[in-house]
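**Student:** Sequence order for the protein chains is C and A.
The first sequence runs contiguously to residue 256 in my numbering.
The second sequence runs contiguously to residue 537 in my numbering.
The hints are simulated quantities; they were obtained by calculation from the structure and are not laboratory data.
For clarity, every value in this text was computed on a predicted model and none was experimentally measured.
Where is the CB? At the ideal position from N, CA and C, for every residue including glycine.
Possibly wrong hints are sitting among the right ones.
Computed cross-link-like contacts, DSSO-like style, restricted to lysine-lysine with a CA-CA straight-line distance of at most 30 Å [what the hints assert, rightly or not]:
no. : chain 1 : residue 1 : chain 2 : residue 2
1   : A       : K154      : C       : K152
2   : A       : K255      : A       : K154
3   : A       : K341      : A       : K355
4   : C       : K155      : A       : K154
5   : A       : K154      : C       : K139
6   : A       : K501      : A       : K322
7   : A       : K314      : A       : K355
8   : A       : K356      : A       : K300
9   : A       : K356      : A       : K341
Just so you have them, the derived chain C footprint on chain A, three or more residues with Cβ under 8 Å [claimed, not checked]:
no. : region
10  : 154-160
11  : 193-207
12  : 528-536
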Amino acid sequence: MTDTFADYLLFADRVFKTYPDGDVHAVNGVTLGVREGEYVAITGPSGCGKSTLLNLLGALDRPDQGEVFFRGESLSKLRDLDRFRARQIGFVFQSFFLLPTLTARENVQVPMFEGPPLSARDRAKKADALLDLVGMGKRAKHRSAQLSVGERQRVALARALANDPVLLLADEPTGNLDSENAAKVLDLLTALQKTHKLALIVVTHSLDVAERADRVVKMKDGQVVEDSGADLVPTPDAAATG
Amino acid sequence: MYFSSFILKNLTRRPWRSALTVLGLAVAVGTMISLLAVNHNVEFAVSDSFNRRDVDLVVTQAGVVFETDSDFSEDLVEQVRKLSGVAEHGVSEALVTVEPLYRENGTVLKESIMVQGWKPDNKAFSDIELLEGQLLTEESMGKVILGSQLASNIKKGVGDTIYLRVDSKYEVVGIYKSFVSFEDKAVTMSLKDAQKLTGKRITGFSVRVKKTAPSGTPQAEAEVQKVKEAIEALRDSNDPTVRLAARTPDSYVDSLTHLKIVRAMTWMVGIIAMVIGIISVLNTMVMSVLERTQEIGILRAVGWPPRRVIQMVLGEAILLGLVAAVVGTVGAIMATHLLAMSPKVDGFIEPGVPLKIMAQGIGITAVIGLLGGIYPAIRAACLLPTEAIRHD
Ligand SMILES: Nc1ncnc2c1ncn2[C@@H]1O[C@H](COP(=O)(O)OP(=O)(O)OP(=O)(O)O)[C@@H](O)[C@H]1O
Ligand SMILES: [Mg+2]
Numbered sequence: 015m016t017d018t019f020a021d022y023l024l025f026a027d028r029v030f031k032t033y034p035d036g037d038v039h040a041v042n043g044v045t046l047g048v049r050e051g052e053y054v055a056i057t058g059p060s061g062c063g064k065s066t067l068l069n070l071l072g073a074l075d076r077p078d079q080g081e082v083f084f085r086g087e088s089l090s091k092l093r094d095l096d097r098f099r100a101r102q103i104g105f106v107f108q109s110f111f112l113l114p115t116l117t118a119r120e121n122v123q124v125p126m127f128e129g130p131p132l133s134a135r136d137r138a139k140k141a142d143a144l145l146d147l148v149g150m151g152k153r154a155k156h157r158s159a160q161l162s163v164g165e166r167q168r169v170a171l172a173r174a175l176a177n178d179p180v181l182l183l184a185d186e187p188t189g190n191l192d193s194e195n196a197a198k199v200l201d202l203l204t205a206l207q208k209t210h211k212l213a214l215i216v217v218t219h220s221l222d223v224a225e226r227a228d229r230v231v232k233m234k235d236g237q238v239v240e241d242s243g244a245d246l247v248p249t250p251d252a253a254a255t256g
Numbered sequence: 146m147y148f149s150s151f152i153l154k155n156l157t158r159r160p161w162r163s164a165l166t167v168l169g170l171a172v173a174v175g176t177m178i179s180l181l182a183v184n185h186n187v188e189f190a191v192s193d194s195f196n197r198r199d200v201d202l203v204v205t206q207a208g209v210v211f212e213t214d215s216d217f218s219e220d221l222v223e224q225v226r227k228l229s230g231v232a233e234h235g236v237s238e239a240l241v242t243v244e245p246l247y248r249e250n251g252t253v254l255k256e257s258i259m260v261q262g263w264k265p266d267n268k269a270f271s272d273i274e275l276l277e278g279q280l281l282t283e284e285s286m287g288k289v290i291l292g293s294q295l296a297s298n299i300k301k302g303v304g305d306t307i308y309l310r311v312d313s314k315y316e317v318v319g320i321y322k323s324f325v326s327f328e329d330k331a332v333t334m335s336l337k338d339a340q341k342l343t344g345k346r347i348t349g350f351s352v353r354v355k356k357t358a359p360s361g362t363p364q365a366e367a368e369v370q371k372v373k374e375a376i377e378a379l380r381d382s383n384d385p386t387v388r389l390a391a392r393t394p395d396s397y398v399d400s401l402t403h404l405k406i407v408r409a410m411t412w413m414v415g416i417i418a419m420v421i422g423i424i425s426v427l428n429t430m431v432m433s434v435l436e437r438t439q440e441i442g443i444l445r446a447v448g449w450p451p452r453r454v455i456q457m458v459l460g461e462a463i464l465l466g467l468v469a470a471v472v473g474t475v476g477a478i479m480a481t482h483l484l485a486m487s488p489k490v491d492g493f494i495e496p497g498v499p500l501k502i503m504a505q506g507i508g509i510t511a512v513i514g515l516l517g518g519i520y521p522a523i524r525a526a527c528l529l530p531t532e533a534i535r536h537d
């Protein structure tokens, strides 16, 4: 069956995650395939395991059971997940987490220390180009505290793109924004996904996001209960796992 | 942006905390550097005074705890003069003591100054520079010459009178400058006067050995060793319990009890200062890592491996250490000068911090930074990115 995984950029094969303290099955047997350049929205009630699933997909955490495949290769066999994240994945979070001591331009360069080798000058140049891309070129020398929340999230978006990832993971990227700024960030995300041919997985409560996505995945109690692109995914063989 | 400027910015972000940490560490390091420097300077002054006068052996009474307690007969010195390995005019004896200096009315002018009694043929007379008046002669009873620093300190010049032990007064006949710092702060009188003053005979003498090979070669060392053994075998027929101890200048300095105490204190205070420094860095860095938990989670999420997080935290700790080393060194230089000016220690402390000690101090501070940074760095590196990001 492994060969069919290879058709996907990312494939989660019956992954489970239980947190030790709460005894909560945060992710309870999820199978999900995401293709290159695909735009997937994950929705569901609070606490249903969306963030946990996203962390598993983004190699921030390892599943207790099941495996995540990247281009057909199991992440559990990858020795250096840090390097994998640095080079292949961009993260955007609900809180922007820019480093307060650094300017926008410097914040965008933070992931580049672990990216493909670049000179300090090239890093700065690339950061400027990315800031232009998110419409923040004129604020390159501002620090986080001098930026509006919408602007901060756009800088965070530029940072996520620092090492030219193929996959962008966003956890409630508009959760802290008013509707106007949220729309701006969403437009930007959608545009970047198209121009950079990024696979984009967005965890969201917002219907706006769901509307723009190619595909909406609904979760409940740690499981996928609805998937508008389910026909694309090989159905998990429950009998075989049981 | 360079990784190093990233580290620097993390420190400048909380300027007060960084400054206070640097200050605390600088006090610790400065204390250590000043002690090491003072220790070094005193030892150096003593060994340098012998080395520059080509002294091969320093002889004192064996078995005394403090060198000022040394006391033996001139007969023993004469026996040494006759030893075959000793150079001609190679023996310079002295009576060295520490005495209070009085005013005419009997009140104390200086609590303790060094008084040395020399014979007029003492080799040291040839290398001290007479600034004023004259040197001592065979007949110079009741006359003294003053080191230039002492003279200006007590404001005495040629023709003035000084009082040692209430009833002993001496006329100042000359002012000299000596490259040996403690001689420059001393009173020098004839050996006979010193014997009369203290009731002692000789406290020590220096020996130049007749060498057939250049100093430092194994052959020269063997020749010195031979003379040393001969001196230590000598006996005074009138006082058979007295033995002599002959040492090379460096091992003489090592053997000085006062200096041993200073050395032990230096190390003790130095280690305490180091521990305080480590705790200070530890405290600051643990706080700073705790505060930045979420940030560190983000750094890990964007692909920074634990190794780079360690580099960041250790880099900050070491940088704090290096800044503190510079501040501490400057402070130490000032402290030794202040200390040297203090009347309590006048004459016993040489100001200044030699380069060697500075380098040691900076090295030790870097190590303090490293030791104080290791635990917080490992803690930061062990943060799980998902947990760190959730942290609040
Ligand atoms: N570190 C943790 N330790 C213990 N329990 C956790 C931890 N993280 C999440 N959980 C629990 O796991 C379940 C899923 O959490 P998760 O954060 O994935 O939900 P979510 O769908 O992202 O919710 P929200 O929409 O509120 O962000 C919840 O019941 C949560 O309480
Ligand atoms: Mg969540």
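**Student:** Go through the numbered hints given earlier and state which of them the structure violates, listing their numbers in rising order.
**Tutor:** 2, 3, 7, 8, 9, 11
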